[in-house]
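Colleague: Chain by chain, the residues:
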Amino acid sequence: MEVLNSRAALLSNYEVFTLLRELETDHLARAKTAVRIKKEEEAAGHPPRHPGSDTLFGEPSENLRTVEVEAIQYLSADYLPTQRQTPEGISQLVQDLAPYELTKAEKLQVVNLAPTMPVELYVIVEELEDRLGDRMEEILTHVQSALALSPATIGPTSSNGNERHPPAINSDSTVSTLGGELAYPEDEAYHEEFVFDDVGEGAGVEGDLDMEDD
Amino acid sequence: MFVLSILKDTVAIHPSDFGAPADQALIAELNKKYANRVLHDVGLCICVFDLSEAGEGKVRYGDGFLWYKVVFRMVVFRPFTSEVIIAKVKSSDEDGIRLSVGFFDDMYIPAAYLPQPTAFDPNERAHFWLPDSELTSTHDLLNTPLTERMYIDQGEVVRVRVEADDFFDDEPGPPKMAEGVQVQREAKRAPYNVICSIAEQGLGPVAWWNGSAQEGAEDGDAMDEG
Numbered sequence: 001m002e003v004l005n006s007r008a009a010l011l012s013n014y015e016v017f018t019l020l021r022e023l024e025t026d027h028l029a030r031a032k033t034a035v036r037i038k039k040e041e042e043a044a045g046h047p048p049r050h051p052g053s054d055t056l057f058g059e060p061s062e063n064l065r066t067v068e069v070e071a072i073q074y075l076s077a078d079y080l081p082t083q084r085q086t087p088e089g090i091s092q093l094v095q096d097l098a099p100y101e102l103t104k105a106e107k108l109q110v111v112n113l114a115p116t117m118p119v120e121l122y123v124i125v126e127e128l129e130d131r132l133g134d135r136m137e138e139i140l141t142h143v144q145s146a147l148a149l150s151p152a153t154i155g156p157t158s159s160n161g162n163e164r165h166p167p168a169i170n171s172d173s174t175v176s177t178l179g180g181e182l183a184y185p186e187d188e189a190y191h192e193e194f195v196f197d198d199v200g201e202g203a204g205v206e207g208d209l210d211m212e213d214d
Numbered sequence: 001m002f003v004l005s006i007l008k009d010t011v012a013i014h015p016s017d018f019g020a021p022a023d024q025a026l027i028a029e030l031n032k033k034y035a036n037r038v039l040h041d042v043g044l045c046i047c048v049f050d051l052s053e054a055g056e057g058k059v060r061y062g063d064g065f066l067w068y069k070v071v072f073r074m075v076v077f078r079p080f081t082s083e084v085i086i087a088k089v090k091s092s093d094e095d096g097i098r099l100s101v102g103f104f105d106d107m108y109i110p111a112a113y114l115p116q117p118t119a120f121d122p123n124e125r126a127h128f129w130l131p132d133s134e135l136t137s138t139h140d141l142l143n144t145p146l147t148e149r150m151y152i153d154q155g156e157v158v159r160v161r162v163e164a165d166d167f168f169d170d171e172p173g174p175p176k177m178a179e180g181v182q183v184q185r186e187a188k189r190a191p192y193n194v195i196c197s198i199a200e201q202g203l204g205p206v207a208w209w210n211g212s213a214q215e216g217a218e219d220g221d222a223m224d225e226g
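Top to bottom, those sequences are chains Y and W.
With UniProt numbering as the guide, the letters of the first sequence map in order to residues 1 to 214.
With UniProt numbering as the guide, the letters of the second sequence map in order to residues 1 to 226.
Please note that the accuracy of each hint is not assured.
Cut-off 27 Å, straight-line C-alpha distance, at most; resulting in silico cross-link-like pairs (BS3-like, lysine-lysine) [as the list claims (entries may be wrong)]:
#: 1; chain 1: Y; residue 1: K38; chain 2: W; residue 2: K32
#: 2; chain 1: Y; residue 1: K32; chain 2: W; residue 2: K32
#: 3; chain 1: W; residue 1: K88; chain 2: W; residue 2: K188
#: 4; chain 1: Y; residue 1: K104; chain 2: W; residue 2: K88
#: 5; chain 1: Y; residue 1: K32; chain 2: W; residue 2: K33
#: 6; chain 1: W; residue 1: K188; chain 2: W; residue 2: K90
#: 7; chain 1: W; residue 1: K58; chain 2: W; residue 2: K32
If you're looking for bench data, these hints aren't it; they were derived computationally from the structure.
One chain only, chain W, in its complex shape (with noise of 0.2 Å):
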């Protein structure tokens, strides 16, 4: 899940901290700047790991600042292709669904990537999966009885594979004006996106999988008992 990369920059001490060790300061405002901000082909910076070499603190014409040139590690969100991760379903749509793992939560499983076959029921807001079924239509997926639909429902611990991720840099560039007026501009992309998939053997919902394990377990415990 998580990566160290190492990057360099320089960073502008404020005089007012010029009190604190320079490593401490240093660390604080690259955290600063980069925490929780995703790099373009990098992934989610988390927070510095260690630095690996600051140069001298050098002082401009113009300012009190100290820029120091810095190397330094950082720790990365960023799954590598066909790893598993487990995370929390965040909602549903027609067209798949989406994942949080808290600190990130643009991940999603295009409906493609649903186990075989699936249907989206838009009464419980929820995919649900037939298993062991010969239907293809959603039609006839939808008039199945309850009792035999698994729904992946809000909330659920699922445990997916990374299949891909894409990167979105939307510079805003210049206003673009037509007739005067600022055109619109249409919905920004989230700049990283995680797609996962469930389509396999042992991935979905936790639950399904602990399930049966658990019920074997719990038998062999009753009749341990008796």
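Just chain Y, with the same shape it has in the complex (with noise of 0.2 Å):
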């Protein structure tokens, strides 16, 4: 294991949020399948199969289930905003913001925590008064729209249950739509122009992967 960029960019909690969303319904999804076919084989008279054998359509490992799990509890809790945030609200928030010159951290709090009070904007805002003086309010007007924007309806299910979302496909888009304002434009940037060409050890050596034989 190797640590290319420990810190290459930013996560809002929403962007989180909606990734932990899609990984469970995609393990409930799974789970379902993995009982039918079960089900199935069984009406079929196939005998049954070495458990275990199939990790990848069977049960995920445990503990990506429990931090998954214990996560969307935490970010579907009624003190955090992330549950009625959507795409859309966050952008918009963050255009709004652009005009106060806030700190890329302190944006990226201010959508975290959607403060609805002075005192939370206070705490988030270094220098909150010599920098923004009565502006804050606006800035809290802001929060509140981007909240209103939301529909509050959205389920801890969503509808798309079936379907198969492929993180890959789907990081895409909202790295897109929030990460190019949310994370470090700069880094992201680095990041898609970096290279990761192979020529470690090992390197054009057919299947020879430098790995120790223990």
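These two chains come separately, so use the hints to put the complex back together.
Modeller: See the structure below:
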């Protein structure tokens, strides 16, 4: 294992929340198919399969399920605004915040915590009064309107239960809508251009992956 | 709270998974290895975000696995210093408060980062804050009337600022023997700790700061109705 960049970009809570929810619906759908296939096979008189032989379509790893369920629980708590947010609302909010010269970290926290009271904004933005003066009320209004834009009726399990969403495809669209503004754009650009050429040890040697023999 | 980390690893895919698309098999395998695990100086891994690059699967002599070199992006929990986070109080003791965000609970507020003056009430097993008080000694503070105390109870939702994070890599190492008896290792440290503070205006239990605003709103409503 090798860490190429431990902090390539910042993610908003909402992005993580949607990713985890997709993962969960995916798991649930797979679990259902697995049960169905098993039943069909039993009905057809096939011998039961060796348990654990197909990890991919059976139970996902315990660690993943634990962290997934607990993180979804935390992010959908009513003291966090994440569940009431939408991609449109967030990109609107980020646009609205542009003229206030907030740092990226501050913007990210405004999006993550959606402050509704001045005291919350004081904590997030350093030297709030010097930098913004009377304009902090405007920010609070922007936050409110961004939340109002969001329909509060997104259930914990969205309707796309049976569709398969490989994270690779979906995440790209999330990043392009949110990440460009929210995360570090320069780092994103750097990442996109980065060529991961495989010229390490063992390059060009067919079949040799310089693995330790253990 | 969350960041993307770019990692590189070599992954083995078991022949029973050859039927599945390679990218899905790789992501499942990576999630199995990394999810809910702390990487030193990186943070707590949540799940794979996407694959950046995957090489050809190769077969080594000796097993039937396909070995892939993969570069992928990982969703990692690593709040940055000075970030504001909402967490829940997990427990309290004399040294401070332990917080939890559900999937991660090695977050601490040491006593030094509590609002002053503050004291630990051993009967309630909770810290309390006395706003606008001149008292400094714990003894004096514990003699104050209960009604003036602002308790930080277990399970309360608190807004905290991240002050620092520590990584500990306690590898077991070779077994140490003393007189033929295995030495007991000292208590295990958590691999990743986040140190938080609530010693600031606006931080602490969310209810402290909501309270005044809500009362104001209710008064306003009452006046509107009247």
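Colleague: Now look at each hint and say whether the structure bears it out.
Modeller: A quick look at each hint next to the structure:
1. About 23 Å separates the Cα atoms of Y/K38 and W/K32, which keeps this hinted pair within 27 Å; it holds.
2. Distance hint between Y/K32 and W/K32 is fulfilled; the C-alpha atoms sit about 20 Å from each other, no more than 27 Å.
3. Under the criterion of a C-alpha separation no larger than 27 Å, the hint pairing W/K88 with W/K188 is consistent with the structure, at around 24 Å.
4. Between the alpha carbons of Y/K104 and W/K88 the distance comes to roughly 26 Å, so the proposed pair stays at or under 27 Å and holds.
5. About 24 Å separates the Cα atoms of Y/K32 and W/K33, which keeps this hinted pair within 27 Å; it holds.
6. A distance of roughly 19 Å separates the Cα atoms of W/K188 and W/K90; the hinted pair therefore holds under the 27 Å criterion.
7. Straight-line distance between C-alpha atoms of W/K58 and W/K32 comes to about 21 Å, which keeps the hinted pair within the 27 Å bound.
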